[in-house]
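Asks: Residue-level listing of the chains:
6 protein chains.
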Amino acid sequence: MAKVVTLGEIMLRLSSPDHSRLVQSKQFDVCYGGGEANVAVSLAHYGHDAYFISKVPNNEIGESALSALRAENVNVDFVARGGDRLGIYFLESGSSMRPSKVIYDRANSAISTAKLSDFQILKALKGADVFHFSGITPALSNKAVMLVRKICKMAKQKGILVSCDLNFRKKLWTKEQARKIMVPLMEYVDICIGNEEDADNCLGFRPNADITAGKTDAEGYKRIFMEMAKKFKFKYVATTLRESYSASHNGWKALLYDGKTFYESKHYDISPIVDRVGAGDSFSAGLIHGLLTYKDKQKALEFATAASALKHTIPGDFNQVSIQEVEALMNGDCSGRVAR
Amino acid sequence: MAKVVTLGEIMLRLSSPDHSRLVQSKQFDVCYGGGEANVAVSLAHYGHDAYFISKVPNNEIGESALSALRAENVNVDFVARGGDRLGIYFLESGSSMRPSKVIYDRANSAISTAKLSDFQILKALKGADVFHFSGITPALSNKAVMLVRKICKMAKQKGILVSCDLNFRKKLWTKEQARKIMVPLMEYVDICIGNEEDADNCLGFRPNADITAGKTDAEGYKRIFMEMAKKFKFKYVATTLRESYSASHNGWKALLYDGKTFYESKHYDISPIVDRVGAGDSFSAGLIHGLLTYKDKQKALEFATAASALKHTIPGDFNQVSIQEVEALMNGDCSGRVAR
Amino acid sequence: MAKVVTLGEIMLRLSSPDHSRLVQSKQFDVCYGGGEANVAVSLAHYGHDAYFISKVPNNEIGESALSALRAENVNVDFVARGGDRLGIYFLESGSSMRPSKVIYDRANSAISTAKLSDFQILKALKGADVFHFSGITPALSNKAVMLVRKICKMAKQKGILVSCDLNFRKKLWTKEQARKIMVPLMEYVDICIGNEEDADNCLGFRPNADITAGKTDAEGYKRIFMEMAKKFKFKYVATTLRESYSASHNGWKALLYDGKTFYESKHYDISPIVDRVGAGDSFSAGLIHGLLTYKDKQKALEFATAASALKHTIPGDFNQVSIQEVEALMNGDCSGRVAR
Amino acid sequence: MAKVVTLGEIMLRLSSPDHSRLVQSKQFDVCYGGGEANVAVSLAHYGHDAYFISKVPNNEIGESALSALRAENVNVDFVARGGDRLGIYFLESGSSMRPSKVIYDRANSAISTAKLSDFQILKALKGADVFHFSGITPALSNKAVMLVRKICKMAKQKGILVSCDLNFRKKLWTKEQARKIMVPLMEYVDICIGNEEDADNCLGFRPNADITAGKTDAEGYKRIFMEMAKKFKFKYVATTLRESYSASHNGWKALLYDGKTFYESKHYDISPIVDRVGAGDSFSAGLIHGLLTYKDKQKALEFATAASALKHTIPGDFNQVSIQEVEALMNGDCSGRVAR
Amino acid sequence: MAKVVTLGEIMLRLSSPDHSRLVQSKQFDVCYGGGEANVAVSLAHYGHDAYFISKVPNNEIGESALSALRAENVNVDFVARGGDRLGIYFLESGSSMRPSKVIYDRANSAISTAKLSDFQILKALKGADVFHFSGITPALSNKAVMLVRKICKMAKQKGILVSCDLNFRKKLWTKEQARKIMVPLMEYVDICIGNEEDADNCLGFRPNADITAGKTDAEGYKRIFMEMAKKFKFKYVATTLRESYSASHNGWKALLYDGKTFYESKHYDISPIVDRVGAGDSFSAGLIHGLLTYKDKQKALEFATAASALKHTIPGDFNQVSIQEVEALMNGDCSGRVAR
Amino acid sequence: MAKVVTLGEIMLRLSSPDHSRLVQSKQFDVCYGGGEANVAVSLAHYGHDAYFISKVPNNEIGESALSALRAENVNVDFVARGGDRLGIYFLESGSSMRPSKVIYDRANSAISTAKLSDFQILKALKGADVFHFSGITPALSNKAVMLVRKICKMAKQKGILVSCDLNFRKKLWTKEQARKIMVPLMEYVDICIGNEEDADNCLGFRPNADITAGKTDAEGYKRIFMEMAKKFKFKYVATTLRESYSASHNGWKALLYDGKTFYESKHYDISPIVDRVGAGDSFSAGLIHGLLTYKDKQKALEFATAASALKHTIPGDFNQVSIQEVEALMNGDCSGRVAR
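Residue numbers (numbering that gives the first Met the number 0), protein chains in the order written: chain A, 0 to 339; chain B, 0 to 339; chain C, 0 to 339; chain D, 0 to 339; chain E, 0 to 339; chain F, 0 to 339.
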């Protein structure tokens, strides 16, 4: 299997149980997650040597985050210790027409203050096949921009495949700031993943998609995927398409363009949704695994789509599913019959 | 904002968690609620000075009920202490075709034994804009009938808008008893809220609605709303219309008549239902807020309907939602997309 | 009411709460269940004298299983003590397209090592109206085969109605092994219950049903039911028909053949499913009760189908519902309206 | 083993978990208990045919109480259904110098309204060896007084040993009321159990014990035990002696007088206390078992004392311990070493 | 009763349940607390008009903190909204020789960035009898120093009694920084509360106490109390004396000096400790109440000591006890007998 | 730091929460543990490269055990997959005079059926400094005996220090069987750990210790330690000495003999005990770490004793403590003061 290195932030997630509101909760469910960490977890479950690089505070909360990653078989040997705090996010799980709500409390996290010399990057990248990051990381701070840029450059020089999930977060930066940072980074990127909002906000490409109507039109993406691939020399451009009927019921499919062909996955009807946080990350991981594993690009996309559809049924940020489970679903068994 | 005074019973609610049956439960979820208390909570969340008048026993259970109301910013300064017990109700949460079940253990509650001199009513009503009660309160006891009648009269004399949710409870009284008490009370009422069963059982007005078929016909209400408004000089008559597909899936909309025009709200499809107890109360509160806030009666109704639709997604009796959340829904965002 | 005796295994069930994966769980929900025990529980709830015969280890886990049965009013006076362990099964509750998963850890359970002399069988069968077992019990061990065979014979000789749920378990034996044991046992059986897979695997009868398409065709069963009834002289042959749309949403109905007429029940749409384990057992119990109670076979079938539809909404193996609740559903109230 | 019949009230107990205050609790732990029911449970655990006679409301809460008793192997066949409600008590578990707090909400319970014709008493008493009741039952209502009196008389006539735990409850009646009712009942009683306050409040006998000092003096009881035995012709008089150092730490021993000899048990130092509710009942049951089982009265007393010491370590009202466990403790193993 | 105004920070507290380590916890218990907020809660429970002034972020976490205070009847009308975050602290509850552990994540909290114009201070102080703050607040930031200084000055000018709990926190500032800020503030202070470390670190007064030996010597305080009272013109100087035998077992008493007489309270032996966080705050509140209520200074001190001893038995930061409960303890009932 | 390899069984542990009895529990707390696995966890926490070798079934339960070990930073790369099941043990947590109870359900576990070729032992042992096993492993099965013997031999040949915790389990084998297997194994052992019962049951050495009196006499061990060291050429012999006052309160110290000098550790008084399971394993790990780290043998022993004393305060089998925490305790801070 492959060696995949990811870089980013891992946060403490505190969520209200059983669809209660945050103000009602006398207990918060505790887990840990973050875009790139979630990708590493999925890839570890698929049998890859998955590394996560970050910086966490030298206290019990930082160690708890690493313990959570180790439990999933992610290598955290290159995580630095220091800084003041682990970022936190609060999650209130919605239901029916009440949306889920995320409150970020991530300013001044350890990773946002990290610099290259905090890490043994050369050792971490040695023998790596893929380097993955998301648009969240450079959005954290100027230091983080520099860190990402330098590592991307090193990865590119070493011939490592670079994957990026654009993942625009409007609470972290503006469209203008994002474009200024993200567009130059694209020269290092081979696999670019992002939905309609990400492509627009980070790179300035706007698909013909009527989002407010809750509909997604695969056709609308073809044009911009071709343009993006052309401009940035992406090997792959991909997106998920979510149809939001309610907080409990979504449609889900995905698109992939490899510079020549457009692939469109099967469509999944997901109801009820247990936890949709991390679905995008599970798609990125599924796509990396798929492209590393299957010659058939359609299969690679189907793996990524099935994996990320399954994520909606699993509590927490991490997509704790096996290759066997994803393949059973992508091969057509959606019946949910009891596996005895 | 307005000062709204409500009068009624607050009960200890004990519910079995996670759709278990009462007999299976080694723990009961604890909250507090009651028709008029629930209305006060909603109005406090919308920024009004919301008062709840009641009587609770002078023990930890009584104080716990008041603590729960204070947490929601409801003023309980006029709640009397005394009597023997707080009413209790047990709630078993159903699912799919299994209905939820309510077992009342409310006889001889403190409020059912209260008399006017227990309260500083003049002080409580001073400067009030609205007085709200429900048909549950006079159903509790003869003393409660007298209490409600006197306070209604005082409110009317002071020019306070009087709102009544008919709320027939067959475990508390018969149709005949209800009509005997409720019909004379209507002379004080300005806003009358009640569904098809309430209108019939409490006032003797029967809409053309085929309830057993699980369908509701807005047209069927027009006639009786006109008759009710005419007979009792109601300023407003309103009802919610529930379509019960299953314990987990309901349709929801509402009607309002202002003596001139019939308003019909948007229709909501609610699935899954988290907790439908208190939905009617949240509609009453939403309507009071809407009528106090919007010139446009249609908007007032849409606010009430959206607020009460949201209630179905929140555990407990109280509708812990903000004006912003209700308005987002009434303005059309039912997609349930994560609010980051 | 009737005296019904059941024989089989009861297991400790350990399930991950709230749709979490087993690996995520720091707590397992604990209950006890097993095919024939579940049947006895249902029948006790319907007012019958229900007996469960088994063997459990002489430790706290064995006693806990019996305590659980006693709580449901099942008579366990004829349960033997001894052997090494209580069988265990782990249950991971699925959601949407993620299937539920069962892991059995039942080898070498006390009941699998039991022999006839462990029990006071004559006393247990005295005055019994029905004896019920399932295909799981003879699949446990050779000793269990002998035990079942002898008791079936005794029951038959005493004129006790013998009911068998074929219940093929591929983790316990092969199709060939099952047929070798089950076919000869059928000579004692009056009521034979089993779905399409059971009939094929245990007895070699294959309906015309396209299972993989998630569809079930009542017509396809008619032929084999007639053949089965003819070959084995069954008084009744019955099956449930499950349509698996997802782990959270199933269709449900059932068929009965009494040697003369085919009966097809109403169809239920179950969404969301709370816990489908034990649904087949609740059908068997409902059918036994129905046949003992109603002259009208259609009603007997409707009772069994409604009872087992309700099971899907109740956590645990046991179908803790009353005759009143089942009859309300079979008589058409699927609205799930709150029962106050 | 013996047949023991008990009569009294069973209540729903709602307790705040983990030493939290009632007002802090979003969940209450649920169990069921009551003086005589607790005695029946202990005796069932010791292998006796234990019957509990009571009346419970015909709803899920009433049935839950019976299910809890059945789980402990108590026979509830003679429990009547009807009345309005099951009595409730709230329990806040103290710690260190903060006392535990009990709030009763038991007025108008089903059993308090029961009359003799509600029960098949002759059938229930048939073949009984012991009839047990406590002073709580006649304190519930005048009807309950009559019920207890008649059944005591019947038991006495049939030569059944009558056991009474005086159990004075100041929230239920005054000292004067208690004496008026309890003194005449003593003519039927063979085994009289009660601590210093009970003996005084119910019967007017005051030991030389300095309770406020938290000390108990066995000598002080000798005199009144002799007088009580003489006056009421008791076969046995017994009491427990509790030393209250704090809510978490108590001393515990007991005294027995059989008309000839005074027996004083070993002393136990209990720290920490898990749940002391029901300790007195577990002593009564232990004494009944001891007197039925051991010729040596000292052993009978030691069994009762050890059993009731163990009760302090078990959550809930019921003393779920086996004869083996009690005997191990009474025979001297207080080391608490892990039993592997 | 009195009007008492407090100023400071309220934090979200996240604690691992049941003595588990933070890294083991899949759920954190949630409550809210902070030095001055805790004082306000106690005073509200004693019937005073208790106000808490602070600034919280305009999100659900900030509102949850206010909801928690309202539930305790604390007036939060003068709390400002804004800033980025609510401070957080993690609490791991120790046991026996394993100490409890607190991890602060409070940098950049809303209150640390507040300025005087955020509040309607004149209105808040109007009619106030006491103003209370702790040394934690000026330690938060320079802005907080200015805020505290200005409000102290205003309070002093209005003749309001000013109370200060020195409360040195070494994670927030050094001894040198603390002295530089705290010493000048003392000119406004009437009641000065602080243990041996606080007096030294904040003011430079060192008692003759051998802390490392786990012993506390009341005599050692006399000298410095006299000196402190003389230098700063304190009306009262007070301290608690904790003997730390283990994380589960402490001794507890307190000292008060009123410029003339030294008072020493009773000694409490606390075992087991449920939650000692907030014990110091509960002492401050008890002392304020005591001095406002009792003429006898010894009684005032005993009230404060008993109240704070009780705090150790209650989960959370808030000391949810009534005057009755405190007085029962200070009057000598430490037996922990069940209050029925 | 060192590389330490351990070999043995890891089990699923199911425990009743909050001192409830197993029969009372509707939920079991889930963790994983086993003698040698627990040692590996401790050593990983102290910074060593800790390896655990075992065999687990190829299902979710087996993987969950490994996930739990990975979370603690234990290397499980050499764990084989296969076999039928993971061993299970049930734990009921006692209190005061009620002992904790362990029920084993470990027969036929995967590791008990393992053979040498299941593992890449040479690779696992490469560069190892210490190999540790316990007497439990050879007690599992004949295959396990052979496995242990071969690996011990290999370790010895490679000059790896071999550590053995005798750990006699009477449910697994008799004294005679144990001695027959264990005595010959001692030729490979350098560090022999075992209390008085282990030394007797496994090796036939009986100290002069009066266990039944709950007392332990360090002197009694001197003689047998000298004899054992002489006979088996042990480099170190060690034991813990537990004083069992109750299930909640123990005394704890330890002894070490290095062939020349007897070392006796400080004594700890532990109250209350949170979880004493794994205390012996934490001592073994602490001793290994101590001997590897400190020149001073007394310090090595003090580290082991302090570490294992701390274990009693931590839920679960694993001793999740850091070097800093252990050293703080061994250096004398037993005060349990809050670490802020």
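Hints were generated in silico from the structure; no laboratory data involved. All values derive from a computational prediction rather than experimental measurement. One should not assume that every hint holds.
For chains that are exact copies, the list does not tell them apart, and a pair is met inside one copy or across any two.
DSS-like, lysine-lysine: derived pairs with alpha carbons at most 27 Å apart [said to hold, decoys possible]:
| hint | residue 1 | residue 2 |
| --- | --- | --- |
| 1 | Lys174 | Lys265 |
| 2 | Lys100 | Lys298 |
| 3 | Lys2 | Lys122 |
| 4 | Lys142 | Lys296 |
| 5 | Lys125 | Lys179 |
| 6 | Lys125 | Lys221 |
| 7 | Lys232 | Lys25 |
| 8 | Lys114 | Lys221 |
| 9 | Lys294 | Lys179 |
| 10 | Lys114 | Lys170 |
| 11 | Lys179 | Lys229 |
| 12 | Lys174 | Lys296 |
| 13 | Lys296 | Lys157 |
| 14 | Lys229 | Lys142 |
| 15 | Lys25 | Lys155 |
| 16 | Lys100 | Lys25 |
| 17 | Lys252 | Lys100 |
| 18 | Lys114 | Lys296 |
| 19 | Lys125 | Lys2 |
| 20 | Lys114 | Lys229 |
Asks: Give a verdict on every hint.
Replies: Hints, one by one, checked against the model:
1. Neither within a single protomer nor between protomers do Lys174 and Lys265 lie at most 27 Å apart by alpha-carbon distance, with minima of 32 Å and 35 Å respectively.
2. When the C-alpha separation of Lys100 and Lys298 is checked against a cutoff of 27 Å, the pair qualifies only between copies, where the shortest distance is 25 Å, while the shortest distance within a copy is 34 Å.
3. For the identical chains of this complex, Lys2 and Lys122 are neighbours both inside a copy (12 Å) and across copies (22 Å), given an alpha-carbon limit of 27 Å.
4. Within a single copy, Lys142 and Lys296 get their C-alpha atoms no closer than 37 Å, and across copies no closer than 48 Å, so neither meets the 27 Å cut-off.
5. For the identical chains of this complex, Lys125 and Lys179 are neighbours neither inside a copy (30 Å) nor across copies (52 Å), given an alpha-carbon limit of 27 Å.
6. Taking CA atoms no more than 27 Å apart as the test, Lys125 paired with Lys221 passes in neither setting, with 36 Å inside one copy and 55 Å between copies.
7. Taking the closest pair of Cα atoms, Lys232 and Lys25 never come within 27 Å of each other, the shortest separation being 51 Å inside a single copy and 44 Å across copies.
8. In this homomeric assembly, Lys114 and Lys221 never come within 27 Å of each other (Cα to Cα): the closest approach is 38 Å inside a single copy and 54 Å across copies.
9. Proximity of Lys294 to Lys179 under the C-alpha cut-off of 27 Å is found in neither arrangement, the shortest distances being 35 Å within a copy and 46 Å between copies.
10. In this assembly of identical chains, Lys114 and Lys170 lie within 27 Å of each other by CA distance both inside one copy and across copies; the values are 23 Å within and 25 Å between.
11. Proximity of Lys179 and Lys229 under a CA criterion of 27 Å is satisfied intra-copy only: 19 Å inside one chain copy versus 64 Å between copies.
12. In this homomeric assembly, Lys174 and Lys296 never come within 27 Å of each other (Cα to Cα): the closest approach is 32 Å inside a single copy and 39 Å across copies.
13. When the C-alpha separation of Lys296 and Lys157 is checked against a cutoff of 27 Å, the pair qualifies only within one copy, where the shortest distance is 25 Å, while the shortest distance between copies is 51 Å.
14. In this assembly of identical chains, the alpha carbons of Lys229 and Lys142 never lie at most 27 Å apart, being 30 Å within a copy and 53 Å across copies at closest.
15. Taking the shortest alpha-carbon separations for Lys25 and Lys155, neither the intra-copy value of 48 Å nor the inter-copy value of 39 Å comes in at or below 27 Å.
16. When the C-alpha separation of Lys100 and Lys25 is checked against a cutoff of 27 Å, the pair qualifies both within a copy, at 18 Å, and between copies, at 20 Å.
17. For the identical chains of this complex, Lys252 and Lys100 are neighbours both inside a copy (23 Å) and across copies (25 Å), given an alpha-carbon limit of 27 Å.
18. For the identical chains of this complex, Lys114 and Lys296 are neighbours neither inside a copy (37 Å) nor across copies (43 Å), given an alpha-carbon limit of 27 Å.
19. In this assembly of identical chains, the alpha carbons of Lys125 and Lys2 lie at most 27 Å apart whether taken from the same copy (9 Å) or from different copies (24 Å).
20. With identical chains, the CA atoms of Lys114 and Lys229 are never at most 27 Å apart, being 33 Å at best within one copy and 53 Å at best between copies.
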